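Visitor: First to last, the protein sequences are chains A and Y.
Taking my numbering, the leading residue of the first sequence gets 5, the next gets one more, and so forth.
Taking my numbering, the leading residue of the second sequence gets 10, the next gets one more, and so forth.
Source of the hints: derived by calculation from the structure; they are not laboratory data.
Please note that a few of the clues may not be correct.
Taking lysine to any residue and the SDA-like style, the derived pairs with C-alpha atoms no more than 25 Å apart in a straight line are [claimed, not checked]:
1) Y:Lys131 x A:Ile68
2) Y:Lys248 x Y:Leu135
3) Y:Lys101 x A:Lys244
4) Y:Lys204 x A:Gly22
5) A:Lys244 x Y:Lys233
6) Y:Lys101 x Y:Leu213
7) Y:Lys102 x A:Ile68
All of these numbers come straight from a predicted model, not from anything done at the bench.
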Amino acid sequence: MTGFKIKEQKIIKNAEKGFALFLLLIPTVLVILPLLLLLSGSLMDTYELSGYLSAMFAEGAEFISWKMMPDYPSFANYKKLLFETPQFFVLFWNSMKLAGCILAGQLLVAVPGAWGFAVYPVKGSRALFALYVVLMLLPFQVTMLSSYLVLNKLHLLNTHQAIILPAVFSTFPVFLSYGGFRSIPPQILEAARIDGAGELAIFVKLGLPLGKSGLLSAMVLGFLEYWNLMEQPMAFLEEKALWPLSLYLPEITLGQAGYAFCVSVIMLIPAVFVFVMGQDYLEQGIIYSGLKE
Amino acid sequence: MAKKKTRFFCFFVFPGFAGILLFVLAPFGDVVRRSFLEAVTGDFNGIKNYQSVFQNQAFLLAVKNTFRFTLVGIPLLVLSGFAAALLLCGLKKKGWIKSLYLFPFAMPTATIVLVWKMTFYKQGFLNLFLTSLGAWTGLWGEVHREYLGSGDAFWVLTGSYVWKNMGYTVTLWMAGILSIPVQLLEAARVDGAGKWQRLWYVILPNLKGSLYTIVVLSFLNSFKIYREAYLTAGAYPDKSIYLLQHLFNNWFVNLELDKMAAAAVCTGGFLMMVILLLQRLWDKGEG
Numbered sequence: 005m006t007g008f009k010i011k012e013q014k015i016i017k018n019a020e021k022g023f024a025l026f027l028l029l030i031p032t033v034l035v036i037l038p039l040l041l042l043l044s045g046s047l048m049d050t051y052e053l054s055g056y057l058s059a060m061f062a063e064g065a066e067f068i069s070w071k072m073m074p075d076y077p078s079f080a081n082y083k084k085l086l087f088e089t090p091q092f093f094v095l096f097w098n099s100m101k102l103a104g105c106i107l108a109g110q111l112l113v114a115v116p117g118a119w120g121f122a123v124y125p126v127k128g129s130r131a132l133f134a135l136y137v138v139l140m141l142l143p144f145q146v147t148m149l150s151s152y153l154v155l156n157k158l159h160l161l162n163t164h165q166a167i168i169l170p171a172v173f174s175t176f177p178v179f180l181s182y183g184g185f186r187s188i189p190p191q192i193l194e195a196a197r198i199d200g201a202g203e204l205a206i207f208v209k210l211g212l213p214l215g216k217s218g219l220l221s222a223m224v225l226g227f228l229e230y231w232n233l234m235e236q237p238m239a240f241l242e243e244k245a246l247w248p249l250s251l252y253l254p255e256i257t258l259g260q261a262g263y264a265f266c267v268s269v270i271m272l273i274p275a276v277f278v279f280v281m282g283q284d285y286l287e288q289g290i291i292y293s294g295l296k297e
Numbered sequence: 010m011a012k013k014k015t016r017f018f019c020f021f022v023f024p025g026f027a028g029i030l031l032f033v034l035a036p037f038g039d040v041v042r043r044s045f046l047e048a049v050t051g052d053f054n055g056i057k058n059y060q061s062v063f064q065n066q067a068f069l070l071a072v073k074n075t076f077r078f079t080l081v082g083i084p085l086l087v088l089s090g091f092a093a094a095l096l097l098c099g100l101k102k103k104g105w106i107k108s109l110y111l112f113p114f115a116m117p118t119a120t121i122v123l124v125w126k127m128t129f130y131k132q133g134f135l136n137l138f139l140t141s142l143g144a145w146t147g148l149w150g151e152v153h154r155e156y157l158g159s160g161d162a163f164w165v166l167t168g169s170y171v172w173k174n175m176g177y178t179v180t181l182w183m184a185g186i187l188s189i190p191v192q193l194l195e196a197a198r199v200d201g202a203g204k205w206q207r208l209w210y211v212i213l214p215n216l217k218g219s220l221y222t223i224v225v226l227s228f229l230n231s232f233k234i235y236r237e238a239y240l241t242a243g244a245y246p247d248k249s250i251y252l253l254q255h256l257f258n259n260w261f262v263n264l265e266l267d268k269m270a271a272a273a274v275c276t277g278g279f280l281m282m283v284i285l286l287l288q289r290l291w292d293k294g295e296g
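Can you make the complete structure from the sequences, with help from the hints?
Guide: Encoded structure:
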């Protein structure tokens, strides 16, 4: 009898688990479908694609149609994009340059800053850090005018520096790296001091390797953010040749959908690469971003 | 030692702080000054700029919409994230589901806008799906609803906000839930607490800190929804999704800098107060 009861309980438990899994899978489908849509679209030739999309432009009652497996799979659009459209590379490298320079600058500026806050708590440093947190949370639109004024004064408008410099001094990476540095036990640093290590040496030889999780998560989150730049270049870059891919892609109309799909997929590749390689750090960073100071 | 400490603190922090001073704090001071000046002549204007901002219909609409979006979107995101995190914590193999949830966060907005357009246009996938659902169940006929050009745009935007930030929220909630000592839950179980009782009396009270963080970060990310809004619907979208971000951008394009200055001071001041208040509340809750 008891055996039967246990069995029944087990079935209920399994059913519950199955139901939970089912509930969790619904949103998962909503993540996978858009991806498949982009991938399949990028592999269609222009003719097939316009056949599916034409209903969207007509005022008729006909709906859009789609095939996840294209009838005539082709790399024609990729080929055209990669070998016959040199402008594309300009934009791609703009994006790379912006993200790369910003991250390098943050490594030089924000990471030591975070170290200062984490290791040398002095009078007033808590208040200053609170200011950093407020600055980190202010949306771009609130500081847009002030950035514009200073960039205008420094004659940096319409150059890449206009995007790079303000972003280098963002306080978000300070906040994240701080979380990583805080997790280093102070005794280790004290021991190094007693052994006669200088403070700079402690930072480079102990701080960076031990606190690298915070730092790397700042880099991963930073890359995803700056690969996706929109507001800043829209406001401060007039010349389209300077634009990053993230701003140019939406300009491609659905009439040239073949291109748009290919650009989308190519743009996804670095983001996916960083996401897959840095997922642990990404999660760590999200958790650090929630740590109390 | 204290003196030495201060020296090293300055050595490490000063370069970054100097940049912040130059690029953020000093110019923001200038914006505050300008908010009291007439834009063209530079004469002192008193609070006239502020008055004209608060009488501006577009500003009032944008404030209303931003509030509405924040008050609907954030609770929706926080609660659905919590539900998903609870379910996920009960599973053994949660790694890949969590990765999938996080994925939209890594997806550049520009790439997803294409998909949104194809889905929410009048002849798009959503209407196609609803139509075939109607035909299959026989309950309704063809659906030809306009989503982006009507009040529904608000819900499209809310949905895409939740879609994008769900993984972020789930990760934070899970970190909070998994940091609750197992002994605590075990003890409650031994004392005869049921599933819901454990949730209500043990898990929830231990997650106050996570809640604060999640709300603050959701708030931070809620401003970035402008990208989706702008890209799917342009600079002047349906009036249900005309947000403060649109307004600032349009003022910027039209060089209405005096209004912008006054509105930036108001918005910045308001946000700062909210953030400090939340910090205070949180400190109290913890201490």
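Visitor: Hints first: check each against the structure and report whether it holds.
Guide: Hints versus structure:
1. Y:Lys131 x A:Ile68: 9 Å, holds
2. Y:Lys248 x Y:Leu135: 22 Å, holds
3. Y:Lys101 x A:Lys244: 50 Å, violated
4. Y:Lys204 x A:Gly22: Holds, at roughly 18 Å.
5. A:Lys244 x Y:Lys233: 22 Å, holds
6. Y:Lys101 x Y:Leu213: 22 Å, holds
7. Y:Lys102 x A:Ile68: 37 Å, violated
Violated hints for the displayed structure, listed by number in ascending order: 3 and 7.
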